[in-house]
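If you want the building blocks of each chain, they are given just below.
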Amino acid sequence: MSCAPGEPCEEGGRRRRALIVLGLMGAIFLALSAASFLPSRGQALPATVSYAGFDAVQGKRVFQSYNCMGCHTIVGNGAYLGPDLTGLYGKVGPAWLEAFLPSAGSWPTKGAVSLQLRDERIAGDAGVAAIDAYLEKYPAAAERITRRGAHSTLMPNLPLSRTEVRQLIAFLKYTSAMNTEGWPPRPQVDGLTFPQAAPLPVSRPTIPVAAQDPGAAAASAPVSAAARGAQLAQDAGCTACHASGRERLVGPGWGGLYGSEVELTDGSKVRVDDAYLTESIVDPDAKIVQGFAPHVMPSYAGTLDADQVAAIVAYIQSLGGEHP
Amino acid sequence: MAAQRAIRMGLAVLGSAVSLALSWPYWRDFGYWPESRVMWRVYFVLGFVLAVYVFYAFLGRLGTLFEHDALERAQRADADRKAAAAKEAP
Amino acid sequence: MIRIEYQTQRLSLRFFMLMLVLFFFQVGFGLLLAAQHIDPTLLAGHLNFNVVRAEHTNLGILWVLSGFIGAILFVGPLLSRRELAAPVLIKFLFYALLAIVIWNVATQALAQQGIAGWWHGEPMLQEGLEYLEAGRIVDVVILIGFAILCYVVLRTFPPLSRWTEIHWGLGIGVVALTFVWTFGMFFVERLDLQEYFRWYVVHYWVEGVWEVIHISLVGFLLVLMFRADIKSVGYAVFWGVALVWLSGLIGNAHHYFWIGTPEFWQFWGSLFSALEPLPLIFCFWHVYLDAHQDGKPVGNMPAFAFLLGSVVLEQVGAGILGFTMTFALTNVWSHGTWVTLSHAHLALFGTFGMLGLAAAYYAVPLMRGVESFDQRPGKLAFWLVFAGMLGLGFAFAIGGTVQVFVYRTLGLDWFGGDVAPAMQFAKVMVPIFGLVFAIGVCLLVYDLLTLGLRAPARGDEERAPVALRGWGRRLIGWEAGLWLLAMWVFGAIITLGLLSFNLHSVREGNMRFPYLMASVGYSGLLLTTLFFVARFLRSLEARGRAGAGEPLVPGETAPAAAT
Chain G
69 MSCAPGEPCE EGGRRRRALI VLGLMGAIFL ALSAASFLPS RGQALPATVS YAGFDAVQGK
129 RVFQSYNCMG CHTIVGNGAY LGPDLTGLYG KVGPAWLEAF LPSAGSWPTK GAVSLQLRDE
189 RIAGDAGVAA IDAYLEKYPA AAERITRRGA HSTLMPNLPL SRTEVRQLIA FLKYTSAMNT
249 EGWPPRPQVD GLTFPQAAPL PVSRPTIPVA AQDPGAAAAS APVSAAARGA QLAQDAGCTA
309 CHASGRERLV GPGWGGLYGS EVELTDGSKV RVDDAYLTES IVDPDAKIVQ GFAPHVMPSY
369 AGTLDADQVA AIVAYIQSLG GEHP
Chain A
763 MAAQRAIRMG LAVLGSAVSL ALSWPYWRDF GYWPESRVMW RVYFVLGFVL AVYVFYAFLG
823 RLGTLFEHDA LERAQRADAD RKAAAAKEAP
Chain S
15 MIRIEYQTQR LSLRFFMLML VLFFFQVGFG LLLAAQHIDP TLLAGHLNFN VVRAEHTNLG
75 ILWVLSGFIG AILFVGPLLS RRELAAPVLI KFLFYALLAI VIWNVATQAL AQQGIAGWWH
135 GEPMLQEGLE YLEAGRIVDV VILIGFAILC YVVLRTFPPL SRWTEIHWGL GIGVVALTFV
195 WTFGMFFVER LDLQEYFRWY VVHYWVEGVW EVIHISLVGF LLVLMFRADI KSVGYAVFWG
255 VALVWLSGLI GNAHHYFWIG TPEFWQFWGS LFSALEPLPL IFCFWHVYLD AHQDGKPVGN
315 MPAFAFLLGS VVLEQVGAGI LGFTMTFALT NVWSHGTWVT LSHAHLALFG TFGMLGLAAA
375 YYAVPLMRGV ESFDQRPGKL AFWLVFAGML GLGFAFAIGG TVQVFVYRTL GLDWFGGDVA
435 PAMQFAKVMV PIFGLVFAIG VCLLVYDLLT LGLRAPARGD EERAPVALRG WGRRLIGWEA
495 GLWLLAMWVF GAIITLGLLS FNLHSVREGN MRFPYLMASV GYSGLLLTTL FFVARFLRSL
555 EARGRAGAGE PLVPGETAPA AAT
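Residue numbers (this note's numbering), protein chains in the order written: chain G, 69 to 392; chain A, 763 to 852; chain S, 15 to 577.
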């Protein structure tokens, strides 16, 4: 019943015409597709972007393995719980990412980022070696440190190895270099100073100092070594991975750690004392406790002096544990 | 019929023109050869013609849908009347 | 009520039941996602958001497919006038589907440990790509499953010379379903190329293949429910499908605006996806006309309610909401925000989910041999689900508008500190409407699972009949056209609101205009949709009374044609 009675039937011709136009459209679509991926366009290629010895293809595999797209968007596609990651590398730079990714549950502090900059490869990739120059070059990293530093994020800690972290950064370096044709649009106002945006007031999180041992706290000097250590631990970014309680964030929790005995990956056992803790801060890969991965923690040698390390050790001691 | 076709064509051109205006890429930079001035012109013309075709086909086929409906309705009414007549006849 | 003529039609029952169970769990995961959006630390480390979301999207796809398979198996013998070919393969398909579901639900959780099961460069267990999260093992099994479906459908169908447009639609549909799936089966190194092919599967599945199956099934269900003329339905199916492809083939380019592909796509994608609502408008009128072909009462109201819901939400969710964000000038703002979520939920659940439910409501009573069943739970469930989904669409759209302003216009990218708090109102609305939806789903699942098995309740006839006045009066073509026009007017308001983000004043931080347009546009659109469906169903209910003896509107005239 495609033709009304008494009229010449044009239905067959119409259908043929529709299919021919459809074929033409298919040809246009394929031609445009072919033109989209020609090398002459100069789009960034993952195989040619590398970071710290890893290329972006390896990073893409890590990105997919952890289903990052299930919370974030990349080139605008994915879920909408977290921010878009496409241009992140260009905004915050490699040192901030190196500090953030292993302990994603906490925003990195200035100390944590500057520690990463001591690595020549990272500094080389960032183009600057000094932290102040870095923060000037990457204002988004500065904003994250001043407004969010040491706060907990809404992202869970992921079991990323240092290799995976670097591969991921290579991938983000690649996406950051991609030409996305003007998306996302560049803001024309500074949201941070925008009156109606009213960013949340930011307060420094407080670190519990020797809460379990009030007697010891009362006996010590006005600003005890432990209190100084607590502040240092936060500023240097230690608290991003180490909880003041017993729970494991990324590294072992410090609560009750002092004086306990831990088993290392080589099977030997070590008692947690001043010497062990000092060594673990200065040369973290010297002894790795079973169940933890090497190369996740950066070395603080040269960042913290002996006094500062001792203060942190005192802080860890104040968090409880058997006294040897 | 000719008038109807002209109206449909007018609507199709209008609809395609509005779509084209909403789709107009205002920020062209002509940097890449498939985005040169000549190619953009080709895209606009080709796109417009195809859009007019799709609109025109849509309007025409929608009209036929209603024509079919009217026809079927008439047939059904006719059949119902006959059935009723057949029932009443004996 | 027709009787089951072909015993193999009964094979569809298990797919409908599986559909209901998967739907139930998908909604559960959805509620969990809504809760995690409010408190992202909820279950963090145990069941991360990305895992829950992967389960939500994958189960969504799987239950829609299960409903499609059920519907195709049910109508297959009717279309072919013979039993289905290879019932053993269909049984195998069912168990394969069941195995896929369980395996996939389990493997998605591996994303928390970053385990993808790389083997020969391909992720075997899960691959962390939106909608295509399933690993390669599942991909292959699904491909085999689709191949089985193709074989069964094509072997069951009559010889090619006797194919009507509905045969062609379903035949091409199942073959393309299989073919397009293969584009998602390769690890692609380049992100732009990977996204290019990912949208082949997602877009061409949804807008090309599913849509074709949808149009064909809607057409045939109309033939079954209203005894519509198969030839004129065939005409509508052909042109519906042709228009879907004429607009959607290049329309796919609306996914290629910002993924790193050249800017010529912005023109092609905008222009052709602006045409994508045309087939949906066509389908809308086709359903309207066929539902009003004869003035007889509708025997199975829940089935028709879901069928109407499917076509109307397709119009609103896919057609109008899709249209508002499909131009490069509006998409540059909506892309990657909650604005797209309202479109995705209304379009996917509305169009395809509701079709599966409609088919189930049509087929299950027939297969269980129920002459007449209590239709009230089904109708109530429809309203809860329908209103809940419209509310969800509203919450997502409003949250999205705020997100666009805070995230894009102001450039604030601290989700925990700036963006999420600004969206808090909408984030709380989501689980509220989600709960309404979930209650509807529980009722629906219970009703369909036990229909014909539980003790029959009082019949529907005992209720006071609906009067043929007011909202129960006959819905004529002009009125339906006005409703449709009203929806599009609100759609235009939404589009202008999104366009206004380009204005200098808005970019300088004055959000009043886009916020006003969004609140008027979205609430207007969704309320119009709600009232239109209420009006449509009410008029059909009243027809039941007319069929029981009262004459229809005197001087029964054809609704005024659009031209």
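Hint data in this document are derived by calculation from the structure and do not stem from the laboratory.
A portion of the hints provided could be inaccurate.
Straight-line C-alpha distance at most 30 Å; calculated DSS-like pairs for lysine-lysine [said to hold, decoys possible]: (1) Lys245/S x Lys310/S; (2) Lys393/S x Lys849/A; (3) Lys105/S x Lys849/A; (4) Lys337/G x Lys355/G; (5) Lys844/A x Lys310/S; (6) Lys205/G x Lys159/G; (7) Lys245/S x Lys844/A.
On a predicted model such as this, the values are computed, not experimentally measured, just so you know.
Structure-based check of all given hints:
{"no.": "1", "hint": "Lys245/S x Lys310/S", "verdict": "holds, 20 Å"}
{"no.": "2", "hint": "Lys393/S x Lys849/A", "verdict": "violated, 38 Å"}
{"no.": "3", "hint": "Lys105/S x Lys849/A", "verdict": "violated, 50 Å"}
{"no.": "4", "hint": "Lys337/G x Lys355/G", "verdict": "holds, 10 Å"}
{"no.": "5", "hint": "Lys844/A x Lys310/S", "verdict": "holds, 18 Å"}
{"no.": "6", "hint": "Lys205/G x Lys159/G", "verdict": "holds, 9 Å"}
{"no.": "7", "hint": "Lys245/S x Lys844/A", "verdict": "holds, 23 Å"}
Hint check: violations occur at hints 2 and 3; the rest are consistent with the structure.
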